[in-house]
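Asker: For the record, the sequence lines run as chains A, B and C. Numbering (the working numbering) for the first sequence: 1 to 499. Numbering (the working numbering) for the second sequence: 1 to 318. Numbering (the working numbering) for the third sequence: 1 to 356.
Keep in mind the hints are simulated off the structure, nothing from the lab. Misleading hints may appear alongside valid ones.
[Stated by the list, open to error] Among the chain C residues that face chain B by a calculated CB cut under 8 Å, a handful are: (1) Ile89; (2) Leu123; (3) Gly144; (4) Glu156; (5) Gly325; (6) Leu332; (7) Ser343.
[What the hints assert, rightly or not] Below 16 Å or equal to it, Euclidean Cα-Cα: the simulated EDC-like pairs (lysine to aspartate or glutamate) are: (8) C:Lys232 with A:Glu306; (9) A:Lys327 with A:Asp418; (10) C:Lys171 with C:Glu182; (11) A:Lys197 with A:Glu164; (12) A:Lys259 with A:Glu230; (13) A:Lys197 with A:Asp457; (14) B:Lys301 with A:Asp93; (15) A:Lys197 with A:Glu207; (16) A:Lys197 with A:Asp319; (17) A:Lys259 with A:Asp246; (18) A:Lys348 with A:Asp322; (19) C:Lys232 with A:Asp339; (20) C:Lys352 with A:Glu39; (21) A:Lys259 with A:Asp322; (22) B:Lys301 with A:Glu88; (23) A:Lys388 with A:Asp430; (24) A:Lys197 with A:Asp227; (25) A:Lys197 with A:Glu443; (26) A:Lys348 with A:Asp393; (27) C:Lys352 with A:Glu68; (28) A:Lys259 with A:Asp319; (29) A:Lys197 with A:Asp418; (30) B:Lys301 with A:Asp264; (31) A:Lys197 with A:Asp393; (32) A:Lys197 with A:Glu230; (33) A:Lys259 with A:Asp274; (34) A:Lys197 with A:Glu173; (35) C:Lys352 with A:Glu59; (36) C:Lys58 with C:Asp272; (37) A:Lys197 with A:Glu460; (38) C:Lys216 with A:Asp319; (39) C:Lys232 with A:Asp253; (40) C:Lys225 with A:Asp393.
As the structure is a computational prediction, the values presented were derived from the model and not from experiment. For every residue, glycine included, the Cβ atom is placed at its ideal position computed from N, Cα and C.
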Amino acid sequence: MSHPAVELDGIWKRFPGVIANAGASLTVRPGTVHAVLGENGAGKTTLMNCLAGVYRPDEGAVRVHGVEQRFSAPADAIAAGIGMVHQEFRLVDTFTVAENVVLGAAPRVVSQRAIAGEVADLAQRFGFEADPARPVWQLSMGERQRVEILKALWRNAQVLILDEPTAVLTPQEAVEFGNVLRRMVEDGRAVIFISHKLDEVTSFCDEATVLRWGETVAAGVAIADVDVTELAALMVGEVEAAPSPDRMTEPGDVAMSVKDLTVDDARGLVAVDDVSLEVRAGEIVGIAGVAGNGQRALTDAIAGLESPRTGAISVMGIDVSDAPPQKRFAAGLAYVPEDRLGVGLAPKLPVAENAVMRAYRTLRRGPLLSWRAAREYSEQIVERFEVKVGRMDLPLASLSGGNLQRLLLGRELTSGPDVIVASQPTRGLDVAGVRAIQRLLLEQRDGGTAVLMVSEDLDELLSLADRILVMVEGRIVGEFDAHSATRTEIGEAMMGAPS
Amino acid sequence: MILADITISEAAAIGLVIATIQFATLLYLAALGETIAERAGVLNLGVEGMMAVGAVTGYIAGAVSGSPWIGLLVGALGGALLASIHAFVAVGLGADQVVSGLALTILGLGLADYIGADYTGDSRRAWFADVDIPVLTDIPWVGETIFAATPVTYLAALLGVSTWFVLNRTAIGLGIRAAGESASTADAAGHSVARIRAGAVVVGGAFAGMSGAYLTNTLVGTSWSQGVTAGRGWIAVALVIFGAWRPGRVALGALLFGFTLALQLRLSGFGIDFSPILMSMAPFLMTIIVLIFISYRARNKPSPAPAAIGIPYRREER
Amino acid sequence: MKKLVLVRRETPTRGGQPAAFVAGFILALGLGAILLLISGDPVWEVYTRMFERSLGSKDVMSATLNRATPLALAGLAVSIAATMGLWNIGAEGQILFGATAATFVGRIGEDWSGPVLIIAMLLGGAIGGALWAAGPGLVRAELGVSEIITTLMLNEVALRLIRYLQNGRWKDPEGLLFPVIEPRPVQSGLGTIWERAHLGVVIAFAVVAAFAWFAKHSVWGYELKIAGASPKTAAYAGISMRRKVLGVMVLSGAVAGLAGGIELTGTATRLDVNISSGFGFAGIIVAALALMRPSGVAVVALLFGAVQVGGISIQSIGVSSAVSGVLQALILFGAIGAGVLSSYRVQAVERKVVAT
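Chain A extracted, bound-state conformation (with noise of 0.2 Å):
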């Protein structure tokens, strides 16, 4: 026990035109569970992902139980006992939860009864619960990460990195699963555990290290004797005060309703289960759960982008259920969807593409569109919503993620809209950007535009919601005033359990 399990020594890290890790350390002793805190962008999953091989760091050393290590491939990280479960799980769907759980450290022959047996075994061992026969396709998100757990662990990982891993979870979930923490650390391993929410940090975890803008502010804190309130200000830095959203005006009259509304995935099965709901002009309206509940469903159905198998949508009484998505934007309906660069913009196009998506079809002269036009109407909104561009013909991709929601939310405000379908509007900002983002969202509010908020953070909805909706598998099993509410009562609802 003389080495720390993990020392990471002056890491930098830079990508073009960005440098994620500053001189970054942290150092992890062996049965810990130690916290790696930081806003979005701070450089916590680039530092990650130097420790587990994923990237080269520029400089600084990397040491493994007392030992310097130069990986240049997953592989060499894994050999040196070091595991990591991304954000974005690194599965194969096809393959059984068996061959996921080996693969890359399977016996030279595999036989498909013999894996399934020793990881039901290894499952056991830790207190998971997993069907090693199962495909993955079919597992929910919450089973897919315990697969991921058991990759690592099947490689007899000593140290185990962790990227917000309880994203994908109920906060009583949440809970069970620092359970498990605790006993994989037991017997001498090291988890790292990469989140920015405070409340899971100190209850899980026995040290701290927090990062902001790739430099490492504090290190290896004992949780115990730490004020928490103290961590946050190291996270956040200078924090700007969160808008007020105290209202200027009462809500008024129904903008937007949708009835029985029952959406399938792809895969056929039911995604969205026979939901009704109203948002009054002038009220923001959220919907609470964890992710995969079908939000993305309910809100890419409203738009237009997912045809439902039932149900009705009208906007300022005019019913849109059939329309295409122009005609529903057309109607006041402005959508901003999860996924920005994938759905909302075009991130390979320039500035001028991307801001005319929605009003191209009014600036067309016949079959021929007027790129002076183009370009004079996406500087106007550019100018208005102080959007960051460097040259307007670049590429989107290299405007920062605030910038990018500003260009997206102002392409989808500048036309005036009766109702907004934001969904996660916030997720992925710095704080500065968070709190544009929510002033915007208030002063649509105080300017008489019903607001249909999807979000994963309870406290934002809290805080900026008059009512607060709760989905769980498709349905929404509860309405809570948001000014009266408390985080529990939602916390439950959001397990299913009857509110």
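Guided by the hints, dock chains B and C onto chain A, whose structure is given.
Answerer: Structure of chains B and C alone, referenced to chain A:
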């Protein structure tokens, strides 16, 4: 009505079965190689070119040495060497697999014609004799057909079983399939995607080259002529899809496609009034139909097509 | 222990693609020379002859223009599909079926006057090509069936269809040695405009230019760009992917089919399986070298036309014309290699792993 006056002698029927097995062997070798490459996530549309290079190098080596085995070996090397260009460009440099593969076909056909120009009409030859298996070859009918093939047929069958075993029952096979389904997963699990994919492409090229060498050392009267592959490489590409990327089903498909090739040469002999040329379209049309069927079914469950096929993989992307 | 890896450059080298193209060309000539040397062919004589017989005089330059015509149209067909992320590997089949359809029109309009018949045949070619691509477009749009495979398969079907007609319905009763298709009506020949260059050259390059302009300045072109850059974003913006996919494949096929019609009326006297000497496949390489840009397609097609015409000419000094195919493929491989090196650099990294 088409089948009104069919008269098939026993000799003709035996001939048909033998030819079916020969064509099936030819197609299977090439398709098996392509199956390996595609299961690893690399589409190689250079099969026709690799086959042509295998055909010409295999012919020359066989004719010069007098040994068809040397021909087969050199053909495999020729195919593998050409395939290594695809491995370098499409896997190593991450270029588009479609473009690189088609360029490989153009290069291979060009090289084969260029190398073979001096050997067109050459009278030297080496050919595989039929294997005489005691007892089995003496069985009436079966012995004269199935157990009278050249050693290459048995080799192809052996390679088919081995490929199945490697893909489904070994750690390497797990890595190959993972590279074809999700390269980043295979990488994260510690497999070198580049090495797996490049290896699969080169082995696939060796199989296609062997197929070409078999063509010129047995099938077409043991000689080289320009255009000898005659689009059979494309049939092999079709066969991989027809067999849903599985060595066993590809073998069944090879027998079926081989049968259509063998039959189309014999239609008039059998008194069947159907155009052999129309019949030669069958493998391609059947493949389109199978592909449509696969896509239709893929709405409810994962498609048998390797999910990562055609997508270059490079790790440090951000 | 050191290991070589590719690292993305912070900024790609300036003028990357034209430079890569030139580098590819030089590399191809170098590798080609090595190949010629190995087989004992006269390198210098081969290359000078290829140059003289493709660009050395007005007469051969006009032949190069004729040869570049189907290459430019096939390249355009491929790049039209590629703007939407689709691979039309079937230009070869669409050229063949286009020429077949043009022949069909020619048989109907045997007695029509020249200009009317020519226009009808060219239109027939375009419609034929469009039809040949419509099937793959339809199943791609409706069921997501890979257009790469379907278009590829249909190449072989189109080839066999011509062989079928050659031996049956359209067999020329006067063809004595081996079966051929009846010649097209004499008045359907495209007139020449400069030396040996026929009117089809102008038509082809006008089509390329028209598409380039329209794609840039039309609503349709804008929608295509979004659909190509991100299909989900296109759906979000209310652009119907199904209709776009089908439309683009049909247009792509029509352009390739037009090449078939032009070949039939411009350089051939009758339909046969060699009416496309691999133009559809070469067109894919042309489009790839041009990075799928129509303007680039025109330039690369001219170069490939010259290589092909030059390649045919070396047969008379006893060197196989196959050299031309080898050179075309090597140019592409060389350009890809150079292109990658212009945006990546090779770096040696240290590797040290101690298993614990």
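Asker: Going through the numbered hints above, which ones does this structure break? Give me the numbers in ascending order.
Answerer: 2, 7, 12, 16, 17, 18, 20, 22, 25, 29, 31, 36, 38, 39
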